[in-house]
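Go ahead and model the full structure; you've got the sequences and the hints to work with.
Residues per chain are reported as follows:
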Amino acid sequence: MLRRNSWRKFVNYFMFSMTGLCALVAVGFLFFILAYLVWNGGSSLSWAFLTHLPAPVGERGGGMANAIVGSGKLLLLASAFGIPIGFLGGVYLAEFGAGSFPFVVRYTADLLNGVPSILIGIFAYTIVVLPMKHFSALAGGLALGVMMIPIAVRSTEEALRTVPLMLREGALALGASKWKTIATVVVPAARKGIVTGIVLDIARVAGETAPLLFTALNNQFWSPGWNQPIASLPVMVYTYAISPYDDWHRQAWAGGLVLLTLVLVANIVVRLSVSGRSAR
Amino acid sequence: MKKLSNLAIILVSAALVLTSLVAFHSSPSNAAPVPTPDTVMLNGAGATFPYPIYSKWFSDYNKIHSDIQINYQSIGSGAGIRQLLSGTVDFGASDVPMNDEQLGQSKTKILHFPTVLGAVVPTYNIAGVSQELNFTGEVLTDIFLGKITKWNDPEIAKYNKGVNLPAQDIVVVHRSEGSGTSYVWTDFLSKVSTQWGSKVGRNTAVNWPVGLGGKGNEGVAGLVKQIPGALGYVELIYAVQNQIPYGRVRNAAGVFVKGDLAGVTAAAGGYAKTMPEDFRISITNAPGQAAYPIASFTYLLIPTKIEDANKKDIIKRFLTWMLNDGQEEVEALSYARLPKEVVARELKQISQIQ
Amino acid sequence: MASTPIPTGRAASNRRAHAFIQGLRSGDTFAHLFTLLCAASILLVTVALVYELYINSTTAQHKFGLGFLTGRTWDPVSGDFGALPFVYGTLVTSALALLVAVPLGVGAAIFLSELAPPRISNALTFVIELLAAVPSVIYGLLGIFITAPFLRQYGEPFLKRTLGFLPLFQGPMYGVGMLTAGFVLAIMVVPFVISLSREVLMAVPVDQREAALGLGATKWESTWQVVVPYARIGIMASIFLALARALGETMAVTMVIGNDPRISSSLFAPGYTIAAVIANEFAEATADLHLQALIELGLVLFALTIVINGLARIAIIFTTQKGSRQ
Chain X
460 MLRRNSWRKF VNYFMFSMTG LCALVAVGFL FFILAYLVWN GGSSLSWAFL THLPAPVGER
520 GGGMANAIVG SGKLLLLASA FGIPIGFLGG VYLAEFGAGS FPFVVRYTAD LLNGVPSILI
580 GIFAYTIVVL PMKHFSALAG GLALGVMMIP IAVRSTEEAL RTVPLMLREG ALALGASKWK
640 TIATVVVPAA RKGIVTGIVL DIARVAGETA PLLFTALNNQ FWSPGWNQPI ASLPVMVYTY
700 AISPYDDWHR QAWAGGLVLL TLVLVANIVV RLSVSGRSAR
Chain Z
12 MKKLSNLAII LVSAALVLTS LVAFHSSPSN AAPVPTPDTV MLNGAGATFP YPIYSKWFSD
72 YNKIHSDIQI NYQSIGSGAG IRQLLSGTVD FGASDVPMND EQLGQSKTKI LHFPTVLGAV
132 VPTYNIAGVS QELNFTGEVL TDIFLGKITK WNDPEIAKYN KGVNLPAQDI VVVHRSEGSG
192 TSYVWTDFLS KVSTQWGSKV GRNTAVNWPV GLGGKGNEGV AGLVKQIPGA LGYVELIYAV
252 QNQIPYGRVR NAAGVFVKGD LAGVTAAAGG YAKTMPEDFR ISITNAPGQA AYPIASFTYL
312 LIPTKIEDAN KKDIIKRFLT WMLNDGQEEV EALSYARLPK EVVARELKQI SQIQ
Chain W
954 MASTPIPTGR AASNRRAHAF IQGLRSGDTF AHLFTLLCAA SILLVTVALV YELYINSTTA
1014 QHKFGLGFLT GRTWDPVSGD FGALPFVYGT LVTSALALLV AVPLGVGAAI FLSELAPPRI
1074 SNALTFVIEL LAAVPSVIYG LLGIFITAPF LRQYGEPFLK RTLGFLPLFQ GPMYGVGMLT
1134 AGFVLAIMVV PFVISLSREV LMAVPVDQRE AALGLGATKW ESTWQVVVPY ARIGIMASIF
1194 LALARALGET MAVTMVIGND PRISSSLFAP GYTIAAVIAN EFAEATADLH LQALIELGLV
1254 LFALTIVING LARIAIIFTT QKGSRQ
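Protein chains in written order, with this note's numbering: chain X, 460 to 739; chain Z, 12 to 365; chain W, 954 to 1279.
In short, the hints are calculated from the structure, not lab data. These figures come from a predicted structure and were not determined experimentally. Do not take every clue at face value.
[Stated by the list, open to error] Listed below are the simulated SDA-like cross-link pairs for lysine to any residue, each with C-alpha atoms no more than 25 Å apart in a straight line:
hint, chain 1, residue 1, chain 2, residue 2
1, Z, Lys118, X, Val587
2, Z, Lys161, W, Tyr1107
3, X, Lys592, Z, Val51
4, Z, Lys161, W, Val1181
[Claimed, not checked] If you want the footprint, here are the derived chain W segments under chain X, 3+ residues with CB under 8 Å:
hint, stretch
5, 991–997
6, 1081–1093
7, 1173–1179
8, 1215–1222
9, 1254–1260
Positions of the beta carbon are idealized from the N, C-alpha and C atoms, including for glycine.
What follows is the structure, encoded as structure tokens:
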């Protein structure tokens, strides 16, 4: 009996140490990634990098200013397209949805979420680039927008569902129509969750490269309007990373750091803003 | 709530400051001014082979004419042809001339404008070996067929007496996408080996018997640089700029020649007067003592009918500039200049663009 | 209450008409319609996506038929295209990623939810979730510059020495290859597994744990035999999420897999995944058949995604029926 107990005790300590090891390894890797990126990216980051255009191959210097602004433009377009549809779709599912049609919509949203981003790039290529006969920011923004929709739908729906039924019923009892209830009571009550979902959505899509490869292409110069190929941070980082030039590698790290910083800042701001609530 | 709104205000102001600095700063070298409505933008895409010189040309041309921005993306010769045929770019670029089937797919006639000459060189990464190795066409074929697998194989050692070749595995590196550089390489191998010709053939993308795929000349050079024992083929400038050793190749006359300017110019020299009218020609395995056997012209592919009068005008002016001033810049980047006769004929061809 | 018959007659239809006009006036009908259209557009987009994939690959479908799935050659010169090497590469790298990420992730999640003090647990989870948002090109960058050289110099020789009797660990070691790609994917999906698993583990009611402990179980026995099974649906959901991400990952994979459409028994060998080949060859496939074959590959990948999605849901339904409460 004692033997059995000490074996069980041993297993207890051992297995928990293993899980501790797992946690250490996982966290260790991830911290290492962060540290390496900050170290390499930081040392190559300079004011010139943020404000200059790319230099020709082999010429030192140059930066990614157009890629930073380009990513901003693409995300703006993607949000303009993806957020309204995603938000309103989420409203539909949460407020009007019962029965088989909403089920199908939810299933499709999950499916779309899991579709590899390269296929969405092909899709945008066939319906925007080919007919327009132009690689363009529009095509890239559309591809990113399509990727934003499923997440926006689900996070909006979930946020709206957390609003207590009482609030809705109270408004209806006071004579408000359903849409007024939604617009003036339910949505504002859920705004933290909705905004969190949207910001995280944008942050996630900001780092996508594959859908931009055959839609927005890339550009050495500034890209005015929406009709021209446009540079973006992820594509620039990719192009520079697979090159053999040391200078370009350094710039790739710096670009990666800028991208990561933007994504992290968005995440941190959003999480801090909801930190008052219970763990979610 | 207050914490969040404060933070948000700080972030938004920082973003505004940053954006305005980016938009309005004026700095000497690489910052092109924000384009005005008069700026004309052209888009071209294609070969990675000439990417270094093209990016220099388009950048310099923009410095001279700040209202003209020519954006060139090196996505591979095959992609350049494809996108030109699809009409998504204004011009294409390819190391391999378009074949009749591809030309037939285009509604307007497409002109080939040779721009520079370059060499495709075998580049390698062998511990302890920094000398130039000698390769024959047969040896390269056998390596790329997977028949020769180690660096100290007698077939390689035969032509490299005095070099200490280790018993290391050869890691073959080729292109992962459709590439004109691949075309030039496989064209050469097909010419020197009937087995390669029948088994694999010549094309921008082939079914490689062995090896890893890198994306673009950049990707191949990168892989070669990182993997010990690697052997890949790249355009000369990529080997030079990255300080990776490259070898000599035996030409049709039996001489081991380096892929430098002299060898490439000699390869083209024999063909300058006999070039076909549309400039589509292969100059691999060229005759002559000094000729480098894996040389190639690279082309800009320009449609004859361009609807936008502005763009048409710019393309014609750029081509003229390229054939005169542009040629002065090529040798610094290890490309060879076009022969004089070819330049003269191209200047005449420009008038065909309507 | 007895069910009332549906009112008929003029009074009833008047009431219905009145309600309809009321709805129109208050804008409810419009709101309903408008949001419904947005929800429907999701369906529209997905259907359009599948349609485009299908319609642009019909020639390839006719030429190869089902043999496309078993064809092993990918030869643009002769026009012979087969999907098997890419399906193989996709499945192998994803399986490898899960093999590494799931034990690591679930183990770490168990530690974070059961053992770690709450503040440390929250702080670490915060960081881990942030890293789930790291763009994939960065993982690719790290793959090229750190993981591949490391595996080539230390990792793969070590595996060869210890497990070299298995065909999985034989052959030349390049650094880039399926092992590296699987490894990089594992690092990419671990944050998802940890974050989701930890959440469901923490949601298991305290009484479950206390009941087990009250019966004399050690903490580990309580965790492993009671808490984890209780949370297994959520854990499985996290695994499927990780799998979906791994299947579709393009950039990081193409940077480290070697881009060679070959089926090898060795993990050291280079390989190719569907997403990677599309990314590399799509822009330039000059022959129509080549382009269509690539799009057909996209269709295969999409089908794979649907199948995995379906399997996930079925698995969840089964485990629910088996008695877990989540």
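Verification of the supplied hints:
For a cut-off of 25 Å, the pair hint linking Z/Lys118 to X/Val587 stands: about 21 Å separates their Cα positions. In summary, the hint linking Z/Lys161 to W/Tyr1107 is supported, as the alpha carbons are separated by about 22 Å, within the 25 Å threshold. Taking the CA atoms of X/Lys592 and Z/Val51, the gap is near 17 Å; set against the 25 Å cutoff, the hint holds. The suggested pairing of Z/Lys161 with W/Val1181 is violated, with an alpha-carbon distance near 52 Å, which exceeds 25 Å.
Figure legend: the stretch 991–997 of chain W, annotated as covered by chain X; annotation consistent (6 residues with Cβ-Cβ distances under 8 Å, at least 3 required). Check on the stretch 1081–1093 of chain W: 12 of its residues sit with their Cβ under 8 Å from a Cβ of chain X, so the three-residue criterion for coverage holds. Given as covered by chain X, the stretch 1173–1179 of chain W passes the check, having 3 residues with a CB less than 8 Å from a CB of that chain where 3 are the minimum. Taking a C-beta to C-beta cut-off of 8 Å, the stretch 1215–1222 of chain W contributes 0 residues in contact with chain X, too few for the three needed, and the coverage statement is violated.
Coverage of the stretch 1254–1260 of chain W by chain X holds [criterion: at least 3 residues with CB-CB distance below 8 Å; count 4].
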